[in-house]
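> The residues making up each chain are set out below.
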Amino acid sequence: MSFRARMMAPLLALFVGAVGYPLLYAFYLSLTSYRITHRWDTHLVGLSQYNDVLHNSDYWSALKVTGTFVFLAVTLELCIGLMIALALQRQKRVRDFTRSFLLTPMFVTPIAVGLMFRFLLNQQLGALPAVLGHLGITYDFFGSGNALYSIILIDTWQWTPFMVLLLLAGLEGLPKQPFEAARVDGASAFYTFRRVTVPMLAPVLVVAILIRSLDAMKVFEYVYAITRGGPGIETQTIQYFTYQTGIQFFRLGNASAMSYLLLAIVLTIVVFLFRRIERSRRS
Amino acid sequence: MTTLVVPRARRTKSFNPWGHAGSLLLVVAGLVVLLPFLWVLLGSFKTGSQLNDPTLIVFRPNLANWRDVISSGILQAAGRSALVGVITVSISIVVGSMGAYSISRYKTGGSATRFGILAAQVLPPAVLVFPFLDMAFRLRLNDTLAAVVIAHLSFVMPVVTWFLIGFFDAAPKEIEEQAMVDGLSRFAAFRKVVLPQVAPGMGASAIFGFVLSWNDLFYALILAPGNAATLPVRIAGFNTFRGVELGSMCAAILVSIVPVLIASFFIQRRLVRGISGGAVKF
Amino acid sequence: MKAITLRKSAIAAGAAAILALVSACSSGSSSSSAAPTASAGISADTAGTVRVLMEGVPDTDIVKGLLAEFNKKYPKITVNIESIVYDQIRDKIVASFQAPTPTYDMAIIDNPWMGDFAKAGFLKPLDDYIKNTPNYDYQDFSAPLRSIGEVDGKTYGVPFYNYGLGLIYRTDLLAAAGLPEPTTLAELATAAKKLTTPTRAGIAMQPQRGYKAFEEWGNYLDAAGGSIYGSDGKVHLNTPEAKIALNTYIQMYKTSAPKNSLNWAFDEALRAVSSDKAAMMVSYNWMLPTLNKQGGPAGALAGKFKLATMPGGKQILGLWDWAIPANSKVSDAAWAFISWLTSKEGEAARVGAGGAPVRTSVLTDPAVAATGGGADYLATVGKILGNAEPLCHGSSCDEMINAVGTELNSAIAGQKSVDAALLAAETQANKIQGQ
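Chains as they are written, first to last, in numbering that gives the first Met the number 0: chain U, 0 to 282; chain B, 0 to 281; chain C, 0 to 434.
Among the hints, a few may not be true.
[Unchecked claim] Derived pair list, reagent style SDA-like, types lysine to any residue, alpha-carbon separation capped at 20 Å:
{"#": "1", "chain 1": "C", "residue 1": "K91", "chain 2": "U", "residue 2": "R34"}
{"#": "2", "chain 1": "B", "residue 1": "K106", "chain 2": "B", "residue 2": "G182"}
{"#": "3", "chain 1": "B", "residue 1": "K172", "chain 2": "U", "residue 2": "R34"}
{"#": "4", "chain 1": "B", "residue 1": "K172", "chain 2": "B", "residue 2": "G182"}
{"#": "5", "chain 1": "C", "residue 1": "K292", "chain 2": "C", "residue 2": "T183"}
{"#": "6", "chain 1": "B", "residue 1": "K106", "chain 2": "U", "residue 2": "R34"}
{"#": "7", "chain 1": "C", "residue 1": "K430", "chain 2": "U", "residue 2": "N50"}
{"#": "8", "chain 1": "B", "residue 1": "K172", "chain 2": "U", "residue 2": "F2"}
{"#": "9", "chain 1": "C", "residue 1": "K382", "chain 2": "C", "residue 2": "K91"}
{"#": "10", "chain 1": "B", "residue 1": "K106", "chain 2": "U", "residue 2": "L209"}
{"#": "11", "chain 1": "B", "residue 1": "K106", "chain 2": "U", "residue 2": "V269"}
{"#": "12", "chain 1": "U", "residue 1": "K175", "chain 2": "B", "residue 2": "K106"}
[As the list claims (entries may be wrong)] Label pairs and their computed distance ranges (CB to CB):
{"#": "13", "chain 1": "B", "residue 1": "V26", "chain 2": "C", "residue 2": "I80", "range": "42 to 52 Å"}
{"#": "14", "chain 1": "B", "residue 1": "Q75", "chain 2": "U", "residue 2": "Y190", "range": "30 to 40 Å"}
{"#": "15", "chain 1": "B", "residue 1": "P171", "chain 2": "U", "residue 2": "V93", "range": "54 to 64 Å"}
{"#": "16", "chain 1": "U", "residue 1": "G144", "chain 2": "C", "residue 2": "K118", "range": "36 to 46 Å"}
{"#": "17", "chain 1": "B", "residue 1": "L140", "chain 2": "C", "residue 2": "L422", "range": "45 to 55 Å"}
{"#": "18", "chain 1": "U", "residue 1": "R38", "chain 2": "B", "residue 2": "D67", "range": "13 to 23 Å"}
{"#": "19", "chain 1": "C", "residue 1": "G312", "chain 2": "B", "residue 2": "V31", "range": "30 to 40 Å"}
Just so you know, the hints here were simulated from the structure itself, not pulled from any lab data.
All values reported here derive from a predicted model rather than from experimental measurement.
Heads up, the beta-carbon is just placed ideally off N, CA and C, and yes, glycines get one too.
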């Protein structure tokens with residue numbers, strides 16, 4: 000086996016071994032009429048589950064909600080995260096403690112973060128509305144029109160540290176030479192950032208955005224803890240919708256179809272974007 | 000190799016806005032992170048009715064919540080989560096770094112493999128959990144933490160691999176080529192020369208992979224035995240029918256942060272900071 | 000004493016039936032759904048380990064406290080209680096039902112799940128066990144509660160504890176405002192409005208999308224003289240009563256409920272009422288003893304709360320049943336525990352310790368009332384149980400409740416008109432339940 004195949008083999012073997020069976024089984028279920036409470040009544044229905052999903056307006060709503068959430072949350076996290084990473088890189092004192100401390104929001108299990116903010120932002124019991132109240136402001140954090148943005152802010156609180164972690168590691172790994180050259184040539188900080196930092200950081204940025212976006216797509220715990228998808232279906236994300244359909248309403252075949260359809264959509268977008276990036280990098 | 004063309008700028012002192020703005024930003028960020036935790040800290044010492052008062056800051060601390068939480072086995076649950084996390088991450092880093100190197104340098108498996116391993120990342124746990132359970136039963140691993148490790152590998156391994164692909168992509172090829180010219184085998188070059196370069200990346204991946212595993216609720220709930228619950232399951236257990244046991248949950252949250260905080264302090268000190276001076280010679 | 004009498008009669012019965020039971024005793028019954036082998040109560044010699052998953056509620060703690068007493072009668076049966084959170088219960092027991100070897104040998108089932116689980120074959124029919132248990136008095140269970148466990152002519156669950164709702168209010172505040180206990184929906188709305196001050200809401204409401212909105216609003220529907228199901232068994236929400244109920248609910252939400260409480264559920268309402276930030280709430284009847292407990296969550300307000308039926312006397316009811324999974328291998332031991340706990344004596348002990356009653360006989364028992372919340376409270380509970388309707392019956396209850404609850408929340412949030420929401424709710428509900 001060639002070197003590259005040998006390096007790849009353990010990963011593939013483990014992947015197929017650990018995940019292959021569940022993935023195939025779930026795919027099989029998506030082609031059946033499987034319901035947990037009617038297991039004896041399962042038969043192959045081909046693509047009719049997918050057809051049902053495509054015609055389900057709630058599914059598309061959930062995709063839209065999730066899409067909005069991912070776009071806004073990741074953009075916010077990227078911008079803030081990059082600024083913090085740059086600031087951390089230049090920090091001279093108390094470095095390690097600051098860095099570890101700023102990472103802590105990531106370490107709290109999301110359901111606890113959800114419950115924490117549910118009470119923190121509660122009009123009667125929460126600290127933040129109490130402070131806002133003293134300033135004369137009253138804001139319905141989880142009211143109609145606001146709930147999704149509140150959830151985005153919660154996600155930002157918890158996951159900006161992820162961006163910070165990744166971008167900082169990327170920044171620390173960059174070679175010093177180009178920065179020296181730029182400094183010697185008198186380039187402004189902004190110019191250095193735009194023409195030196197960002198292009199060299201590009202691979203890390205791409206991965207950061209990709210991984211965080213995929214993770215953000217799975218947002219569930221905040222919705223579950225605070226709004227249960229409401230008001231109306233304003234915060235009904237795709238993961239919440241799939242969970243309800245498959246586990247709460249027992250229609251696992253349908254839920255599997257939803258998931259595989261989502262996978263197809265996401266992979267298409269991701270591959271498309273990657274090809275675009277590759278092409279622009281090469282030119 | 001990228002050639003940098005830096006135009007001749009005017010010979011004015013370069014304006015560095017980062018000096019003070021940077022520190023200010025860090026202070027603000029620190030506060031934004033700190034304040035909810037402060038609320039949690041205060042809450043862990045409050046009694047039921049005290050918790051209903053958001054502005055109560057000065058009061059006599061009550062240890063009932065802490066006693067309740069510690070006696071409910073939260074430390075053991077944290078230990079189990081840590082065990083699962085460490086095993087998952089260790090496997091993922093070893094296997095993932097090798098695979099990521101192969102993909103980064105040789106484009107092994109093409110797009111199909113690269114994106115294929117993301118499949119488990121995208122599919123919701125709700126849909127995969129019963130198939131995982133079924134597999135666990137067939138392998139007679141049901142009701143063990145091993146089943147949880149396998150489920151966690153499904154989403155930690157791809158993430159770690161993708162991170163490392165990015166970091167390997169960012170590491171210039173010249174260094175290992177130089178090492179091989181100097182006589183090292185490809186694997187030795189990989190191990191001794193390339194890996195240290197991406198050490199910051201590996202550190203970050205390890206932390207993040209651990210966090211993903213540490214935070215997982217759903218797989219741990221269904222696949223792990225009830226009397227050997229992991230930390231998120233325990234914490235979620237404070238959300239009872241008679242209401243969220245806020246005080247106890249606050250204590251539990253703090254218990255869940257401290258070990259990871261300490262661990263990440265050391266990891267990021269050793270790895271994320273990387274090797275100062277760099278190994279790059281142009 | 001009642002406990003001793005029970006033991007004596009059980010031993011007598013067991014001795015008489017020992018020959019018939021010998022083969023079944025040692026390892027519990029087989030896992031098939033054939034009739035249980037017990038013929039005259041479960042022998043005290045039965046051995047086995049029974050694992051059950053329960054919810055973290057007051058009644059669970061009470062049951063744990065009664066285990067020692069149970070083991071005096073059945074020393075060889077070990078009951079392991081694992082206690083977790085509502086949604087996690089459903090997920091875990093469903094996983095256990097499907098597994099080749101079960102993780103749980105006994106289960107508590109919430110009433111929305113009963114129809115689906117029974118029809119899916121997850122549960123064992125208990126009719127024979129009930130028939131063969133001496134002095135069980137199955138008819139003593141309140142009638143609406145019995146009907147919940149009965150699916151397609153067979154009984155799959157026996158009542159554990161009820162969660163009927165009612166109106167909980169502050170007696171001092173109502174008296175200070177010179178208001179009587181509300182007897183109509185309009186009076187409730189007026190009272191809530193009058194009790195609203197800048198620092199205290201008149202009534203804490205729980206309009207959270209899905210289950211909570213439907214559970215709370217259902218009571219308003221009942222108070223307006225309507226009901227969820229019609230006599231034809233279909234969901235009827237596009238009715239004048241429903242429109243009155245929803246319009247009143249929305250009006251009350253806007254004027255008398257705490258500000259910014261659109262996503263409120265049980266927790267928030269309870270905390271508001273316990274900390275003097277709301278004067279009333281529609282909630283589970285057994286919250287009353289908790290609120291009135293000295294040193295409990297209500298702090299200085301303990302003792303000032305009263306439970307009343309919803310105006311008009313009819314309200315929503317929920318129930319948890321005991322059931323035995325079809326794949327349980329220790330059914331006899333499980334039934335031994337269930338029948339012991341839900342017998343008249345077991346019930347008296349449980350309710351006396353503060354549990355929520357399901358048998359009509361304990362409601363008038365002064366000994367139980369003395370420690371179980373007071374005679375007044377039990378009398379009110381009796382009224383609640385006597386005139387209540389379950390949120391849902393039939394199959395796909397969770398989905399139906401969620402669909403209706405979503406429409407209701409949309410209307411409350413102002414996203415839809417009342418008429419449109421109720422029509423959509425009715426259409427979807429009937430479609431989901433296959434009517």
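> Each hint needs a verdict: does it hold in this structure or not?
We went through each hint and held it up to the structure:
1. Restraint check for K91(C) and R34(U): satisfied, since their Cα atoms lie roughly 16 Å apart, inside the 20 Å limit.
2. For the hint pairing K106(B) with G182(B), the CA-to-CA distance comes to about 24 Å; that exceeds 20 Å, so the pair is violated.
3. Proposed proximity of K172(B) and R34(U) is contradicted: the alpha carbons are some 52 Å apart, above 20 Å.
4. Our distance criterion of 20 Å between C-alpha atoms is met by K172(B) and G182(B), whose separation comes to about 16 Å.
5. In summary, the hint linking K292(C) to T183(C) is not supported, as the alpha carbons are separated by about 29 Å, beyond the 20 Å threshold.
6. In summary, the hint linking K106(B) to R34(U) is not supported, as the alpha carbons are separated by about 41 Å, beyond the 20 Å threshold.
7. Distance restraint check for K430(C) and N50(U): the Cα-Cα separation of roughly 19 Å lies within the 20 Å cut-off, and the hinted pair is therefore satisfied.
8. Between K172(B) and F2(U) the CA atoms are separated by roughly 16 Å; this keeps the pair inside 20 Å, and the hint holds.
9. Straight-line distance between C-alpha atoms of K382(C) and K91(C) comes to about 35 Å, which puts the hinted pair past the 20 Å bound.
10. Our distance criterion of 20 Å between C-alpha atoms is met by K106(B) and L209(U), whose separation comes to about 18 Å.
11. This hinted pair checks out: K106(B) and V269(U) have alpha carbons roughly 17 Å apart, not beyond 20 Å.
12. The straight-line distance between the Cα atoms of K175(U) and K106(B) is roughly 28 Å, outside the 20 Å bound, and the hint therefore fails.
13. Between V26(B) and I80(C) the CB atoms are about 49 Å apart, so this pair conforms to the stated range of 42 to 52 Å.
14. Restraint check, Q75(B) to Y190(U): a C-beta distance of roughly 55 Å breaks the suggested window 30 to 40 Å.
15. Judged by the Cβ atoms, the range 54 to 64 Å given for P171(B) and V93(U) is violated: they are separated by roughly 32 Å.
16. A C-beta distance of roughly 41 Å is found between G144(U) and K118(C), which places it inside the suggested range of 36 to 46 Å.
17. Between L140(B) and L422(C) the beta carbons are some 50 Å apart, a value that agrees with the proposed interval 45 to 55 Å.
18. For the pair R38(U) and D67(B), the beta carbons lie near 41 Å from each other, so the given range of 13 to 23 Å is not met.
19. The hinted window of 30 to 40 Å between G312(C) and V31(B) is violated, with their beta carbons roughly 52 Å apart.
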